[in-house]
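Q: Here are the chains, one letter per residue:
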Amino acid sequence: MIDITAAATETRRGSLLDRPVVRTLAFFLLLVAAWEALFRLGLWPPYLFPSPSGVGRTLARGFENRTFIVGIAVSMRRLLIGFAVSALAGTLLGLALGRARLLDQTLGSLVLGLQALPSICWLPLALLWFGLGEQAILFVVVMGALLAITLSTQAGVKNTDPVYLRAALNLGARSWRLYLLVVLPAALPAIISGMKLGWSFAWRSLMAAELLYVSLGLGQLLMMGRELNDMNQVVAVMLVIIAIGLVVDRLVFTPLETRVRARWGLGE
Amino acid sequence: MKVELRGVTKRFGGKNPVVALESIDLGVGAGDFVCLLGPSGCGKTTLLNLVAGLDRPTSGQVLVDGQPVQGPGTDRVMIFQTAALFPWLDVLGNVEFGLRMTGSARPDRQEISRGYLRMVHLLDFEQTFVHQLSGGMKQRVALARALALDPDVLLMDEPFGALDAQARDLLHDELQNIWSATAKTVLFVTHNVREAIVLGDRVVVLSPRPGRIKQEFAIDLPRPRQIENYAVVDLSREILNVLKDGAQVTPPAEAGRPGAAR
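Those protein sequence lines, which keep their order, are chains A and B. Heads up: the first sequence is residues 1 to 268, going by my numbering. Heads up: the second sequence is residues 1 to 262, going by my numbering.
Don't read these hints as lab results, they were simulated from the structure. By construction, the Cβ of each residue, glycine as well, lies at the ideal position given by its N, Cα and C atoms. Take the hints with a grain of salt, since some may be wrong.
[As the list claims (entries may be wrong)] Some chain B residues close to chain A (C-beta under 8 Å, calculated; not the full set):
(1) Pro72
(2) Thr74
(3) Ala84
(4) Phe86
(5) Gly98
(6) Met101
(7) Leu149
(8) Tyr230
Chain A on its own, in the form it takes in the complex (with noise of 0.2 Å):
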């Protein structure tokens, strides 16, 4: 209704200015002409305040000269890697837990303890056991996605309507198959809850991660920034974190979750 409603004012007023995605990009071409207007004031040196075009000019040369490739492609696998053990292994925990009991009321509640602690914390810990390296990274990436995962499989295997159960048993499914087929599927949409809340957990760990020790990755390109007083190289980077959190979510998480949603009947 309100969608229609939208579409007949536009169409009467026919101004371009009543566009959501004009509006929005009308926005942000204010704020770079404001920061550029801000940054020719003059007011702050170069190296605490820098100018839209220097970053622009930074973001080019770091992919031209592939740096910034490289560090996308290092902090890529690693995400990947991370999510991946995450995906699985809290899928396959949430599933226990939310089905049996006991496990429940023991594993369940130090999971739910554990959820309490930024995954961050993990690294000194992390580091001790495995050392300077990729390992240690990746345990860090894990631990922050794996809980968040777990906890909302279990959530959504509790909370299944118990009909598709009864049904299932009814219509002959037993043990694996009843998980696999039944239990699994109804509780799908929270799991991809889970999932997307866990890669942005997962980024975020990943990103504390590499910048507390040289990583390559894009945690180190920021510090490097940091460390040459190079404050284009500081804001680009943190631009193209933004870049690929906002692309991951918007292109695979959110139209996932939406279709899942409408086809379980959950609605918008």
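Position chain B against the provided structure of chain A, taking the given hints into account.
A: Frame of chain A; chain B shown alone:
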């Protein structure tokens, strides 16, 4: 007897134990269409769950083909009020689900499933997903999903309770046709008196808290019956009186007093 309940009592525990069913004796012959009629809270659904093997009686026996029910089995398939179709599967996937569980090969189960989809007039919708179906279509898919397993007994738990009148009337016709064609034993739970008369050979009236069999009616009106038939309406008045009499929650001493009925 196809299905037999002998002195079945079901209590639900907790701080305030509820007697859902008390000393139920009921025999259902093969090919019978029995409607269980009663207000909400009279244990109708509990009774179906016991026959389905999804729940166990506190005391008494539930027998199918003379054997005590041990758990759910594909010889007795339940159809739920909410249809309970699996939203992650399309229509064909839902209908063939039971056959997949019982291990029939893909070509076989697809052929069987399509046959039942034709029976419920949904052959063109086999690739449709559940959220795109109307309430009436969902119940038809649920019916086809149950029939695909070729069970001896259909357990129907207010399957048409949430449908609009038109969809429901249509499904009454179709269910009567399917029942005549397949000779299934049907236990059909409803709180709608006319629906019970239209569908059932026998209407068993239950009273609530504790659920007891109050009275039974044999319905021998000619089929197919429609909900607006005069004979159906007349009979429903008679049954409604019995039903109302038992629907009160007042203590037994006050039972039967005019005005005490709901």
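Q: Evaluate each hint against the coordinates.
A: Hints and how they fare:
Using the Cβ-Cβ criterion of 8 Å, the hint placing B/Pro72 at the interface with chain A is satisfied: the shortest such distance is roughly 5 Å. The interface hint given for B/Thr74 is met, as the beta carbon of that residue sits about 5 Å from the closest beta carbon of chain A, less than 8 Å. Contact between B/Ala84 and chain A, as hinted, is supported at the beta carbon level, the nearest pair being about 4 Å apart and thus within 8 Å. Satisfaction of the interface hint for B/Phe86 is found here, the shortest Cβ-Cβ separation to chain A being roughly 7 Å, below the 8 Å cut-off.
Annotation: B/Gly98 was flagged as interfacial toward chain A, and the flag holds, the nearest CB pair being 4 Å apart, inside 8 Å. Taking 8 Å as the C-beta contact cut-off toward chain A, the hint placing B/Met101 at the interface holds, the least distance being around 4 Å. Hint on B/Leu149 holds. Least Cβ distance to chain A is approximately 7 Å, under the 8 Å limit. For B/Tyr230, the suggested interface contact is broken, since its CB lies about 38 Å from the closest CB of chain A, more than 8 Å.
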